[in-house]
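Number of protein chains: 2
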Amino acid sequence: MYRLYDYLPSGNGYKARLVLKQLGLKYELTPIDIMKGGSRTPEFLAMNPNGRIPLLEVPERGYLPESHAIISFLAEGSHLIPTDAFDRARMWHWLCFEQYHLEPSIGTVRFWISILHKTRAELGEKLIEKKKSGYASLDVLEEGLRGRTYLVGEKYSLADISLFAYTHVAHEGGFDLAPYPNVRHWLDRVASQPGWTPITEA
Amino acid sequence: MYRLYDYLPSGNGYKARLVLKQLGLKYELTPIDIMKGGSRTPEFLAMNPNGRIPLLEVPERGYLPESHAIISFLAEGSHLIPTDAFDRARMWHWLCFEQYHLEPSIGTVRFWISILHKTRAELGEKLIEKKKSGYASLDVLEEGLRGRTYLVGEKYSLADISLFAYTHVAHEGGFDLAPYPNVRHWLDRVASQPGWTPITEA
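Protein chains in written order, with the working numbering: chain H, 1 to 202; chain D, 1 to 202.
In case anyone wonders, no lab produced these hints; they're calculated from the structure.
Keep in mind it's a predicted model, so treat the numbers as computed, not measured.
Among the clues, some could well be false.
It does not matter which identical chain is used: a pair holds within one copy or between any two.
For lysine-lysine, the following DSS-like pairs were computed, each having C-alpha atoms within a straight-line distance of at most 25 Å [unchecked claim]: (1) K132 to K36; (2) K130 to K118; (3) K118 to K131; (4) K36 to K118; (5) K132 to K118; (6) K155 to K21.
If we strip away everything but chain H, and leave its shape as in the complex, we get (with noise of 0.2 Å):
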C-alpha cells in the first residue's frame, strides 16, 4: 500500500490526496508537521533531502517527492491523463504553470497569511509583489478557462486538479476572485466531481 508523508493545509499534498481518492488507490498517511520542523528531521531528510511534503513512498522502489512527480506516477494509464500526446503535453504545461507561477505566489501568500499569521505591515514589499503575481497567474488561469469547461481537451484531468489546490483556496491570502467568472465556475465544476473531498480531509 502507498503511505503520503503529508501536511493537511498544504495544497500539494491535497493534489495528492484527491488523486488517490479519485484513483480509488488504498493509501495511509503521516503526517508530518512541518510548522514543528517534522520535514527537517534526519529521518525525514534520508527519505527526501530536499525536506518537503507531500512524500510519497511505494512499495519495493522507494520515495518519490514533488506533488506533480506524484500524481502523475499514481494518475498513468487512468482518466486524469489525456490519452492524445499534445493533450498530455498540454496538461503538463498547466501543472509547469501552477508550479513555477501560480503556487509560488498564491500558496505562498495563503501559507504566509492563513498558516504563519504574518500581517501586512511585517510582510511590506514581499507582499504587494506576490499579490501582483498572484493575480497576474489568475489572469493566464481565467483566458485559459475561455470557453472551456476544464482545462485540456474538455475532460476533467491532473490539469484541473493541480490548479483547483491553490486557487479554491486563494481568499484565504486576500484573493478575491469576484473579477474572475471563468475561474469560479471551473472551481464549482472541480469542487462537483465524484470523490472530491476538502482540502484538509486526510
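Based on these hints, arrange chain D on the given structure of chain H.
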C-alpha cells in the same frame, strides 16, 4: 516542422534546443528578444497568454509553452525518457525540483547579474535570499548525484538536460561550484553527450 520561439541566452529555451538536436528533430527557430518586449506583443500573447519563451509551435495542433511540457512532448517514446514508470516519476521529480527550486534561484540570479547587469547594491536583500536558496538547491543536486552517473536509473534522461541548463551557467550568477564535486563531474558527463551544443547556439 516544429517552430521554436526562443531567446538564445535562456536556459529554459536551451533545454528545448538540446532535446531537438539530440533527437535529430528538425525545427526552425524564431528569435524573440525578450529584452525588447518581444514576448509581450499582442501577437506573442495570442500564442502564449503567459508571455514567455520558450514556446513550441506544433504543426496542425497549436502552441505549447513551458520548457518541461515541450521537452517531454518532443522526447516521448525516445531514450531520453525512462521506460520504467517509477524511474519516469523520478525524472519528473527532478524536473519539478528544477522549476520550483533551482531555476527560480540560480536562473534568476544569473538573469539579474549577467543579462540585466544589476549590481549587488541594487539587488540587496533579494540577492542574498536567492543566493541562499540557490546553494540549497545545489546541496540537493549534489546529494542526488552521490554515487550516480546520471540523475535517474543510471541513464542520461530529460532530468539531466533540465538540471544541466541553469547549473552549468551558475557561475554567471556568481555561484561557486567548487564545493560540489558530484555536480561538476556530472556537468562534464552531460556536456560530452552526442549532439550537445553550447547554450547560445541556435
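Going through the hints against the structure:
1. K132 to K36: Only across copies: K132 and K36 sit 22 Å apart there, 30 Å inside one copy, limit 25 Å.
2. K130 to K118: both (14 Å within a copy, 21 Å between copies)
3. K118 to K131: Both: 14 Å inside a copy, 24 Å across copies.
4. K36 to K118: Close inside one copy (17 Å), not across copies (38 Å); limit 25 Å.
5. K132 to K118: Cα proximity of K132 and K118: in one copy and across copies (18 Å, 22 Å).
6. K155 to K21: Cα proximity of K155 and K21: one copy only (18 Å, versus 33 Å across).
Of the numbered hints stated above, none is contradicted by the structure.
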